[in-house]
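Student: This is what each chain is made of:
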Amino acid sequence: MEVLNLLGYYIKFPFVQNAFIAGVFIALCSSLLGVILVLKRFSYIGDGLSHVAFGGLAVATVLKITEYNLVIMPITVVAAILLLRFGTSEKVHGDSAIAMLAVVALAFGYLLMNVFSNSANISGDVCTTLFGSTSILTLSRMDVFVCVFMSLLTIALFVVFYNRIFAITFDEDFAKATGIHVARYQTMIAIMTGIIIVLAMNLVGSLLITALLVFPALTAMQVFKSFRGTLIYAAVISVFGALSGILLSIIASTPVGATIVLIYTVLFVIHVGIGKVRS
Amino acid sequence: MAYILGRELAVGYNGKPVAENLNFKVNRGDYLCIVGMNGAGKSTLMKTLLSLINPVGGELKIGDGLEPHEIGYLPQQSDTQRDFPATVWEVALSGTITRNRRLMYSKAQKAYVERRLKELNIYNLKNESYRSLSGGQQQRTLLARALSATSKVLLLDEPVSGLDPNAMQQLYTITDELNQKGITIIMVTHDMAAIEHATHVLHVNKNKHFFGTKDEYLKSSHYKMFCELEADDNRSGKEIA
Numbered sequence: 000m001e002v003l004n005l006l007g008y009y010i011k012f013p014f015v016q017n018a019f020i021a022g023v024f025i026a027l028c029s030s031l032l033g034v035i036l037v038l039k040r041f042s043y044i045g046d047g048l049s050h051v052a053f054g055g056l057a058v059a060t061v062l063k064i065t066e067y068n069l070v071i072m073p074i075t076v077v078a079a080i081l082l083l084r085f086g087t088s089e090k091v092h093g094d095s096a097i098a099m100l101a102v103v104a105l106a107f108g109y110l111l112m113n114v115f116s117n118s119a120n121i122s123g124d125v126c127t128t129l130f131g132s133t134s135i136l137t138l139s140r141m142d143v144f145v146c147v148f149m150s151l152l153t154i155a156l157f158v159v160f161y162n163r164i165f166a167i168t169f170d171e172d173f174a175k176a177t178g179i180h181v182a183r184y185q186t187m188i189a190i191m192t193g194i195i196i197v198l199a200m201n202l203v204g205s206l207l208i209t210a211l212l213v214f215p216a217l218t219a220m221q222v223f224k225s226f227r228g229t230l231i232y233a234a235v236i237s238v239f240g241a242l243s244g245i246l247l248s249i250i251a252s253t254p255v256g257a258t259i260v261l262i263y264t265v266l267f268v269i270h271v272g273i274g275k276v277r278s
Numbered sequence: 000m001a002y003i004l005g006r007e008l009a010v011g012y013n014g015k016p017v018a019e020n021l022n023f024k025v026n027r028g029d030y031l032c033i034v035g036m037n038g039a040g041k042s043t044l045m046k047t048l049l050s051l052i053n054p055v056g057g058e059l060k061i062g063d064g065l066e067p068h069e070i071g072y073l074p075q076q077s078d079t080q081r082d083f084p085a086t087v088w089e090v091a092l093s094g095t096i097t098r099n100r101r102l103m104y105s106k107a108q109k110a111y112v113e114r115r116l117k118e119l120n121i122y123n124l125k126n127e128s129y130r131s132l133s134g135g136q137q138q139r140t141l142l143a144r145a146l147s148a149t150s151k152v153l154l155l156d157e158p159v160s161g162l163d164p165n166a167m168q169q170l171y172t173i174t175d176e177l178n179q180k181g182i183t184i185i186m187v188t189h190d191m192a193a194i195e196h197a198t199h200v201l202h203v204n205k206n207k208h209f210f211g212t213k214d215e216y217l218k219s220s221h222y223k224m225f226c227e228l229e230a231d232d233n234r235s236g237k238e239i240a
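Order-wise, the sequence lines are chains A and B.
All residue numbers for the first sequence refer to numbering that gives the first Met the number 0, where the first residue is 0 and numbers rise by one.
All residue numbers for the second sequence refer to numbering that gives the first Met the number 0, where the first residue is 0 and numbers rise by one.
Incorrect hints may appear among the rest.
The calculated DSSO-like cross-link candidates involving lysine-lysine, where the alpha carbons are at most 27 Å apart (straight line), are [to be verified]:
id : chain 1 : residue 1 : chain 2 : residue 2
1  : B       : Lys125    : A       : Lys39
2  : A       : Lys63     : A       : Lys11
3  : A       : Lys224    : B       : Lys15
4  : B       : Lys213    : B       : Lys24
5  : B       : Lys180    : A       : Lys224
6  : B       : Lys24     : B       : Lys223
7  : A       : Lys275    : A       : Lys39
8  : B       : Lys15     : B       : Lys180
9  : B       : Lys213    : A       : Lys39
10 : B       : Lys15     : B       : Lys46
11 : B       : Lys125    : A       : Lys275
12 : B       : Lys60     : B       : Lys15
13 : B       : Lys207    : B       : Lys106
14 : B       : Lys60     : B       : Lys24
15 : B       : Lys205    : B       : Lys180
16 : B       : Lys106    : A       : Lys224
17 : B       : Lys151    : B       : Lys60
18 : B       : Lys46     : B       : Lys213
19 : A       : Lys224    : B       : Lys109
20 : B       : Lys218    : B       : Lys207
21 : B       : Lys24     : B       : Lys180
The hints are simulated quantities; they were obtained by calculation from the structure and are not laboratory data.
Whenever a hint applies, use it, and build me the whole structure from the sequences.
Tutor: Right under this line is the structure:
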């Protein structure tokens, strides 16, 4: 009862409402993209791109650009296209390309912040971007609007191109042989991935983004046979985990990102159990 | 005019040929086996036929009512697909995508896939998960998908590798039946037994290729080479075992 009263008290604050709205939408579309990325063996792309976004943030900070999304978004989207479209070349394989890009961006970003920043608390700033500490609770109305708009766009593209996305994810060569413009859809998926990762940094910070992409997908794959079922259930699990994570973190004053990841882990373990029992 | 005509065709990557001077012809109703050693360029040729890569030289003509994207493709299974959550129905239906420019599947597309699944005796598996099927059943699902994409030419990539003898026999029976129904078969293979079923053989070899009817092939020096190769394979297989 006391918990409910406490929730009723908190929910009246606009910043809490903002956090919930943004959280739900980000969780929703990161889980959809996550299913594709996991199946395409690109689980770590979230990690790599979020490091790139961190580098972008450092650039924005040093240049004193307040609308930092204007810097981060384009940089991350370009990196996403490079990795997803051209990542697997003969000289550097996909996963090593991600690893290289990630550390370079991280090192470059930290270096920039360290050398040029005039903030008194550099390690605090860095920690906030890496773990997302409280940034979801400090979103402006504008941030929330961008989150909702981009998420709706992602979901709309997913619904419209669902059949083609399935065909390409299941078998790229076959799709190409039947005349689908595979490259076009891959670029679309890469752009969406870049955008969602920048948005998701607000929710869980750049070190924990992988969880948001990977856990709902893998959890749903434990219990569902069909692609459609897996997608829908991943979205449900993802939103549930994000909502309860934000709630719990407010009540228990724990860091938002870490709390969400822990809830995802518990859900995953439970579903592995269910999958085992069923088979 | 033939369905597919290769004249002095060179296939390869980035302008570098893997196999050159290929001359062959595939007519409506043919059953062509493409054989040759590993690395001779069989899969490169296959990708070229499927328009996944462009020829690096010579000529590849597609005609007689066949469009470049009307070759149904039965790939070797990839690792990704082994844990992919998808039902037999979802996989087979995805073959029909380009039959219809609309975004959702039409009733006609669904009815078409239903017929293909019934023909291949896997309609009862339609709601089963692809990853839980046996190798033979998975292959029939992919075959249903390929046949949903086209009913003119079917290109099979090493279809019997990894199958047990029973499933192997079934595959040859199915392809024979399809061929009798008028579907042109192109099969890339290592298996000598496949040649029995073929009407034509293309033997891809670094220095000298062979193309001709099955009877011509069985008398050729290329066939002897293939036999010896096969015998070597069996020997080394036994030594390992």
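Student: Each hint: holds or not?
Tutor: Hint-by-hint comparison with the structure:
For a cut-off of 27 Å, the pair hint linking B:Lys125 to A:Lys39 stands: about 24 Å separates their Cα positions. A distance of roughly 33 Å separates the Cα atoms of A:Lys63 and A:Lys11; the hinted pair therefore is violated under the 27 Å criterion. Our distance criterion of 27 Å between C-alpha atoms is broken by A:Lys224 and B:Lys15, whose separation comes to about 43 Å. Pair hint B:Lys213 plus B:Lys24 holds up; C-alpha atoms about 14 Å apart against a cutoff of 27 Å.
Taken as a hint, the B:Lys180 and A:Lys224 pair is broken in the structure, with Cα atoms around 34 Å apart against an allowance of 27 Å. For a cut-off of 27 Å, the pair hint linking B:Lys24 to B:Lys223 stands: about 23 Å separates their Cα positions. The straight-line distance between the Cα atoms of A:Lys275 and A:Lys39 is roughly 24 Å, inside the 27 Å bound, and the hint therefore holds. With a CA separation close to 39 Å, the supplied pair B:Lys15 and B:Lys180 exceeds the 27 Å bound.
Among the hinted pairs, B:Lys213 with A:Lys39 is inconsistent with the structure: their alpha-carbon atoms are about 41 Å apart, more than 27 Å. A hinted pair counts as satisfied when its Cα atoms are at most 27 Å apart, and B:Lys15 with B:Lys46 qualifies at roughly 15 Å. A C-alpha spacing of about 23 Å is found between B:Lys125 and A:Lys275, which places the hinted pair at or below 27 Å, so the restraint holds. Of the supplied pair hints, the one linking B:Lys60 and B:Lys15 holds, its CA atoms being roughly 20 Å apart against a limit of 27 Å.
Only pairs whose Cα atoms come within 27 Å are accepted, and B:Lys207 paired with B:Lys106 is rejected, the gap being roughly 50 Å. Under the criterion of a C-alpha separation no larger than 27 Å, the hint pairing B:Lys60 with B:Lys24 is consistent with the structure, at around 10 Å. For the proposed pair B:Lys205 and B:Lys180, the alpha carbon gap of about 35 Å is over 27 Å, so the pair is violated. Annotation: proposed proximity of B:Lys106 to A:Lys224 holds, straight-line Cα distance about 23 Å (limit 27 Å).
Taking the CA atoms of B:Lys151 and B:Lys60, the gap is near 16 Å; set against the 27 Å cutoff, the hint holds. Restraint check for B:Lys46 and B:Lys213: satisfied, since their Cα atoms lie roughly 24 Å apart, inside the 27 Å limit. A hinted pair counts as satisfied when its Cα atoms are at most 27 Å apart, and A:Lys224 with B:Lys109 qualifies at roughly 20 Å. Of the supplied pair hints, the one linking B:Lys218 and B:Lys207 holds, its CA atoms being roughly 16 Å apart against a limit of 27 Å.
Among the hinted pairs, B:Lys24 with B:Lys180 is consistent with the structure: their alpha-carbon atoms are about 20 Å apart, no more than 27 Å.
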